[in-house]
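Asks: Residues per chain, in single letters:
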Amino acid sequence: MAISWYLVVSALIFCMGAAGVLVRRNPLVILLCLELMLNAANLALVGFSRMHGNHDGQVFALIVMVVAACEVAVGLGLIVAIHRRRLPIDVDELRELQG
Amino acid sequence: MAEVFFFIAAIGAVAGAIGTVTLRNPFYSVLALVFHLLSLAALFLLLRAEFVAASQVIVYAGAVMVLYVFVVAYIGGGDQPLAGPVGPGLKAASALFAGVLFVELAIAVLGSGLQAIDSDGAPYAAGFGTPGEIGAMFLTKFLVAFEVASLLLLVAAVGAVILARRRSGLEIPGEISVADVMRGDRGVLGDAPAETMIEAGGPAGR
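Which chain is which? The protein sequence lines are A and B, in order.
First residue of the first sequence? That's 1 in my numbering, and the numbers climb one at a time after it.
First residue of the second sequence? That's 1 in my numbering, and the numbers climb one at a time after it.
Same shape as in the complex, but just chain A (with noise of 0.2 Å):
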């Protein structure tokens, strides 16, 4: 298969994650989301690894995956953080840092 299918099919999810992020109010489903935009990034960077024969973008995913499982602990724990609080799990309510 040519690379640019790979490339199309990561734009596809990307966009997707895109209007999850904006469409949903639950932190946890926009976590999620942004986890998609992450892996349709990642999926252009092996991409391009492979049209180019070195292992640079393959190391970049890798990377990219490890950043990944940061934003989840720190963003899970926030979500946990807030349900502890008995504060609403909605980031319309969620409107305190607003100016």
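Treat each hint with caution, since some may be false.
Here are the computed lysine to aspartate or glutamate pairs in the EDC-like style, where the Cα-Cα straight-line distance is at most 20 Å [claimed, not checked]:
| id | chain 1 | residue 1 | chain 2 | residue 2 |
| --- | --- | --- | --- | --- |
| 1 | B | K91 | A | D56 |
| 2 | B | K91 | A | E93 |
| 3 | B | K141 | A | D56 |
| 4 | B | K91 | A | D90 |
Label-pair ranges, simulated between beta-carbon atoms [stated by the list, open to error]:
| id | chain 1 | residue 1 | chain 2 | residue 2 | range |
| --- | --- | --- | --- | --- | --- |
| 5 | A | L94 | B | V148 | 38 to 44 Å |
| 6 | B | P123 | A | L97 | 48 to 54 Å |
| 7 | B | P88 | A | V91 | 42 to 48 Å |
One side only, chain A facing chain B, incomplete, derived with CB under 10 Å [claimed, not checked]:
| id | residue |
| --- | --- |
| 8 | Y6 |
| 9 | G20 |
| 10 | V21 |
| 11 | L22 |
| 12 | L31 |
| 13 | A44 |
| 14 | N54 |
| 15 | H55 |
| 16 | I63 |
| 17 | A69 |
| 18 | C70 |
| 19 | A73 |
| 20 | I79 |
| 21 | H83 |
| 22 | L97 |
The hints are simulated quantities; they were obtained by calculation from the structure and are not laboratory data.
Glycine included, every Cβ here is placed at the ideal spot set by N, Cα and C.
Here the structure of chain A is known, so what remains is to put chain B in place on it, guided by the hints.
Replies: Same frame as chain A, now just chain B:
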């Protein structure tokens, strides 16, 4: 044959993404994302990235998703409406935005003028994408990135424990002020009588 596998995996990945975005129960969203990640690992295998595919399955579909499932079970997400009281207008605008973004990305990718983009990629060299090759890259060319990633993981683990530990928070919100903390009148982080490491990180009087 590679075409058949590509289309199966790509349709699986896109279907998993659609399920993640549209399913109302967060638990089902997590399961759809697991399906998406497994399909994506198949795509990585087609791109000859064995180690990335294996770590995708083990780290993502295994460890990270278990964390998600535990938190969803703890929170008890339940069924929630897809769009809020703002109504279908925001939904339509978001879908439009996503469509425009896809068109733009497709134009950017396909019109990039890269000559190899319509080929099957570089000729396959033996050992491409194996753990040995990736490990050699990590320990030579990308050593700084590797060390920074390990430091980042440590910081994230400590931060997650601090964020999610059991506490009731401040008794009265706004009771503690930055000026008090600077003067030293009010207890600062870490002065609690600590029995465990987790408790040692928080203010007294919980």
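Asks: Tell me the numbers of any earlier hints that the structure contravenes, in ascending order.
Replies: 1, 5, 7, 22
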